[in-house]
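For the protein sequence lines, the chains are A and B, in the order given.
Residue 1 is where the first sequence starts when you use our numbering, and the numbers rise one by one after that.
Residue 326 is where the second sequence starts when you use our numbering, and the numbers rise one by one after that.
No lab work stands behind these hints, which were simulated from the structure alone.
For each residue, glycine too, the CB sits at the ideal point set by N, CA and C.
The reader is advised that the hints may include incorrect statements.
[Claimed, not checked] If you want the footprint, here are the derived chain B segments under chain A, 3+ residues with CB under 8 Å:
1. 373–382
2. 468–474
[Said to hold, decoys possible] Think about it this way: if two alpha-carbon atoms lie no more than 27 Å apart in a straight line, the pair counts; the simulated DSSO-like pairs of lysine-lysine are:
3. B:K456 <-> B:K492
4. B:K408 <-> A:K40
5. A:K301 <-> A:K280
6. A:K318 <-> A:K304
7. A:K235 <-> B:K466
8. A:K64 <-> A:K197
9. B:K456 <-> A:K64
10. B:K332 <-> A:K25
11. A:K235 <-> B:K332
12. B:K456 <-> A:K55
[Stated by the list, open to error] Which chain A residues stay away from chain B? Per the calculated CB distances, all over 10 Å, these:
13. M1
14. G143
15. G189
16. E223
17. I250
18. P287
19. T288
Spelled out, the chains give:
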Amino acid sequence: MMPFDHVNAGSPGEAVDLLTSYGGKGRLIAGGTDVLGILKDRILPDYPDVLINLKTIPGMDSIKESGEGLNIGALAKLADIASSPEIKAEYPALSLAAESVASPEIRTMATIGGNLCQDVRCWYYRYPHHMGGRMLCFRKGVGPCYAVKGDNRYHAVMGGKKCFAVCPSDTAIALCALQAKISIFGGEGTRTLPLEKFFTPMGNVLRSNELVKEILIPKPTQETRQAFIKFTERKPVDFAVASIACVLEILGGRCMDARIYLGGVAPMPWHAEAAERIIKGGSLDDPTAEEAALASVAGAKPLKGNAYKIEIVKALVKRALLRRQ
Amino acid sequence: MSYVKEKATITLTVNGETHELEVGPGPSQVAPWHTLAQTLRETLGLTGTKIGCDHGGCGSCTVLVDGKAILSCITLSVECDGKSVTTIEGLGSPPGRAPDPIQQAFIDHTAFQCGFCTPGIIMASKALLEKTPSPHESEVKDALSGHFCRCISHYHVVRAVMAAAKKGS
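For reference, chain A alone in the conformation it holds in the complex (with noise of 0.2 Å):
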């Protein structure tokens, strides 16, 4: 790798004056399972020049059960919150979604802060700088996207508008669908969202002086069913090219609540409320659920080579419905 400076933050304060200080010349690193194989590749044009370690923070890796919920610093390992006994019981589309990443020993290294604000997977967007130059494209803010009239099997089918690179956070839709909040902290302070509405197209609101500090997760009622289903080329070390996250609230058979969020199909967690729409306050049945299927994907728009996701995601969504747990 290219030169970098590495510091290590004592506190989440200690990080934000960091990067204030090093003024956009500064990148944090926490896993570093996704930054590290940026910098090798030297995929954008900025290098950063100094790396801050928010590993050397203590206690943000913290998973913490209450009577409200669940509270996970964003430095817990992805291993830790798939193993978590209490998040296998209680939350297990998160349990399932951790357990989705990589292969063992990126979730031993990985944290559930670094899911949520990784680099898309573009192949276009990742392609590395020693092997003929970097391709600058719309997401680094020059040139077109390369997709649209490239190789775009793992591209966007719904929601990509100026770029098509997919969110490849697997945590990020069973979080949504779990309705989890985030805690960003930064020089103003922490402020606290929706994680839906922590990704944007081309990213997320992470202003340059702000970290991810920790998720929270409303505790889900009894009447609750969870599910978490990815569709991958191979098993291991895999991102999805799609995948499915709901929470479902069925009471005396019928369906009273609904979240479904879909992955790896839109630059950011896709929310199918349409198929929401169909499943609520109904029985779940075979013919509903081919019902939200179809209303899953109304208004995709695949480009040349991906239109088989949407095949994959209407049998991803029937399955995950009629799933009994």
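Go by the hints and put chain B onto chain A.
This is chain B only, laid out in the frame that chain A set:
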């Protein structure tokens, strides 16, 4: 570029031996941008740890840090200050002389051909068996799911790890 040392030295315990390493860009030093794999191989001369993809996708660089299997190619050396690292050279008793039971099982089951991925697979197996001495076959497969073997020795690997576990129990 100007570069500020946060700390003048870091302490790495590798295979039981403690190394005090200067932080800096020189040949016997550890630079802030050096990965643990780089430091192990180039600064400490422990070339048993392999660098395959160098992006965390192949598992060849797996070592144990404080007993946990991690990928040394996407770990910064300076972030391992004060930690205990075990590499393939640290296995066996005495280390490097008599093979570890897992290494012996790999030999007995011909669980490698070219051998490039083997140190990483053995380190991940070591971490698994320390935590789960009698794993189910599916647990072995899960634990090794981040490891690529281009010679397709995966089947023999699973057999070898299961045999090593059986011997240990």
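A quick look at each hint next to the structure:
| no. | hint | verdict |
| --- | --- | --- |
| 1 | 373–382 | holds (count 4) |
| 2 | 468–474 | holds (count 4) |
| 3 | B:K456 <-> B:K492 | 16 Å, holds |
| 4 | B:K408 <-> A:K40 | 24 Å, holds |
| 5 | A:K301 <-> A:K280 | 26 Å, holds |
| 6 | A:K318 <-> A:K304 | 25 Å, holds |
| 7 | A:K235 <-> B:K466 | 11 Å, holds |
| 8 | A:K64 <-> A:K197 | 23 Å, holds |
| 9 | B:K456 <-> A:K64 | 24 Å, holds |
| 10 | B:K332 <-> A:K25 | 20 Å, holds |
| 11 | A:K235 <-> B:K332 | 41 Å, violated |
| 12 | B:K456 <-> A:K55 | 24 Å, holds |
| 13 | M1 | 4 Å, violated |
| 14 | G143 | 24 Å, holds |
| 15 | G189 | 27 Å, holds |
| 16 | E223 | 32 Å, holds |
| 17 | I250 | 31 Å, holds |
| 18 | P287 | 36 Å, holds |
| 19 | T288 | 35 Å, holds |
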